[in-house]
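Colleague: All residue numbers for the sequence shown refer to this note's numbering, where the first residue is 3 and numbers rise by one.
Hints are not guaranteed to be accurate.
As the list claims (entries may be wrong) - Label-pair ranges, simulated between beta-carbon atoms:
#	residue 1	residue 2	range
1	D282	I318	17 to 23 Å
2	I318	G218	31 to 37 Å
3	G191	E283	49 to 55 Å
4	V232	E298	19 to 25 Å
5	S55	Q225	37 to 43 Å
6	N344	I318	23 to 29 Å
7	G166	N344	37 to 43 Å
8	K349	K297	46 to 52 Å
9	M214	G371	52 to 58 Å
10	E137	K83	22 to 28 Å
11	A359	K297	39 to 45 Å
12	Q330	T167	45 to 51 Å
Calculated from the structure, these hints are not laboratory results.
Cβ coordinates follow ideal geometry from the N, Cα and C atoms, glycine included.
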Amino acid sequence: MGNSTNMFEGVKVIELANFIAAPAAGRFFADGGAEVIKIESPKGDPLRYTAPSEGRPLIENENTTYDLENANKKAVVINLKSENGKKILHEMLAEADILLTNWRTKALVKQGLDYETLKEKYPKLVYAQITGYGEKGPDKDLPGFDYTSFFARGGISGTIYEKGTVPPNVVPGLGDHQAGMFLAAGMAGALYKAKTTGKGDKVTVSLMHSAMYTLGIMIQAAQYPDYGLVYPINRQETPNPFIVSYKSKDGYFIQVCMPPYDVFYDRFMTALGRQDLVGDERYNKIANLNAERVKEVSKILTEQMATKTKDEWDKIFREADIPFAIAQTWEDILEDEQAWANDYLYKMKYPTGNERALVRLPVFFKEAGLPEYNQAPLIAENTEEVLKEMGYTDDQIGELIENKDVMVRNEK
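Start from the sequences and build out the full structure, keeping to the hints where you can.
Modeller: In structure tokens, the structure reads:
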């Protein structure tokens with residue numbers, strides 16, 4: 003299938019980050035052939051230990067979550083509190099193209115790793131940072147996770163649920179991956195600038211802003227409360243009943259999506275078997291749908307969708323060219339023929355002997371081909387290798403280990 007090592011070949015990224023958002027951006031560069039060196043403390047990235055909260059066993063050399071964010075990288079452990087540890091980091095930065103971090107700014111300032119300090123030393127360096135709430139304002143130093151900064155503060159948890167119920171159960175990574183891909187795009191742009199002009203830049207993305215942009219259509223529409231709806235709403239209140247999910251006879255939700263209601267009305271009613279409503283002037287124009295008629299159409303659709311199974315509707319809607327999708331579970335996706343046909347999933351054989359399906363990054367490059375999917379490194383797996391590439395001798399490395407400036411891994 004080829005590989006994509008030519009895209010970022012020769013690019014070096016120093017990743018001073020943990021959890022998901024920033025490492026996801028690093029993974030994008032690693033898949034593209036960049037050398038991404040992830041610096042950890044001796045305890046390691048906390049994401050290495052989140053398996054129980056995700057419903058997985060905690061197995062060091064079979065960590066599907068950690069692989070999703072950190073495949074194709076190198077892992078080193080450096081004590082950044084020691085003078086030798088700081089010296090090693092700065093030697094790395096002197097040769098690096100990008101510093102990627104999710105440390106809070108006050109911690110970076112304390113370590114002398116803030117942008118203003120580093121740009122004087124390394125003017126070509128691209129400085130990429132993920133924050134919870136941005137660089138300014140009263141909450142700039144608050145800790146940020148996607149549950150809080152993205153979902154809650156960003157306007158999702160307070161709006162995207164059925165009125166009268168509770169906010170949705172969110173799961174790890176949804177907001178982080180959005181922000182991470184936004185940051186990766188910014189990093190690529192800043193890297194191009196640095197390579198063509200010799201001047202680096204600072205690229206920042208916040209989880210809060212990522213959610214706001216994702217919800218931008220509705221946030222902007224909220225300025226017209228006298229015209230539209232105030233969320234949360236229930237399904238009978240939606241201004242367009244053709245963009246709602248309905249339950250099939252066998253209990254599956256089927257999402258339809260026909261924003262141009264008028265264009266699809268007759269076709270949809272025909273597909274549903276309600277030819278008696280084709281051309282019905284009460285319902286065939288969205289401009290004619292007052293609140294009561296929206297409820298009437300919603301009731302018609304709910305009742306009609308309950309008359310057939312998901313497989314029956316699948317066949318009917320495909321033939322009628324109706325935009326729809328059956329709401330899948332995660333288990334369904336693991337068996338989805340479309341996902342496998344497009345290489346959205348990858349089978350990884352682990353040292354445990356188990357074979358697991360892993361999700362690829364959602365960007366493909368035709369000429370480069372599919373990137374290799376190398377298992378994420380264990381803690382300190384590459385410390386010795388990286389130090390030797392930097393010119394350190396065995397004796398020097400031994401001294402660094404003895405002084406606890408670095409940690410190496412003797413067994414894999």
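Colleague: Each hint needs a verdict: does it hold in this structure or not?
Modeller: Here is how each hint holds up against the structure:
no.	hint	verdict
1	D282 / I318: 17 to 23 Å	holds, 20 Å
2	I318 / G218: 31 to 37 Å	holds, 35 Å
3	G191 / E283: 49 to 55 Å	holds, 52 Å
4	V232 / E298: 19 to 25 Å	holds, 22 Å
5	S55 / Q225: 37 to 43 Å	holds, 38 Å
6	N344 / I318: 23 to 29 Å	holds, 25 Å
7	G166 / N344: 37 to 43 Å	holds, 39 Å
8	K349 / K297: 46 to 52 Å	holds, 48 Å
9	M214 / G371: 52 to 58 Å	violated, 36 Å
10	E137 / K83: 22 to 28 Å	holds, 25 Å
11	A359 / K297: 39 to 45 Å	holds, 42 Å
12	Q330 / T167: 45 to 51 Å	violated, 22 Å
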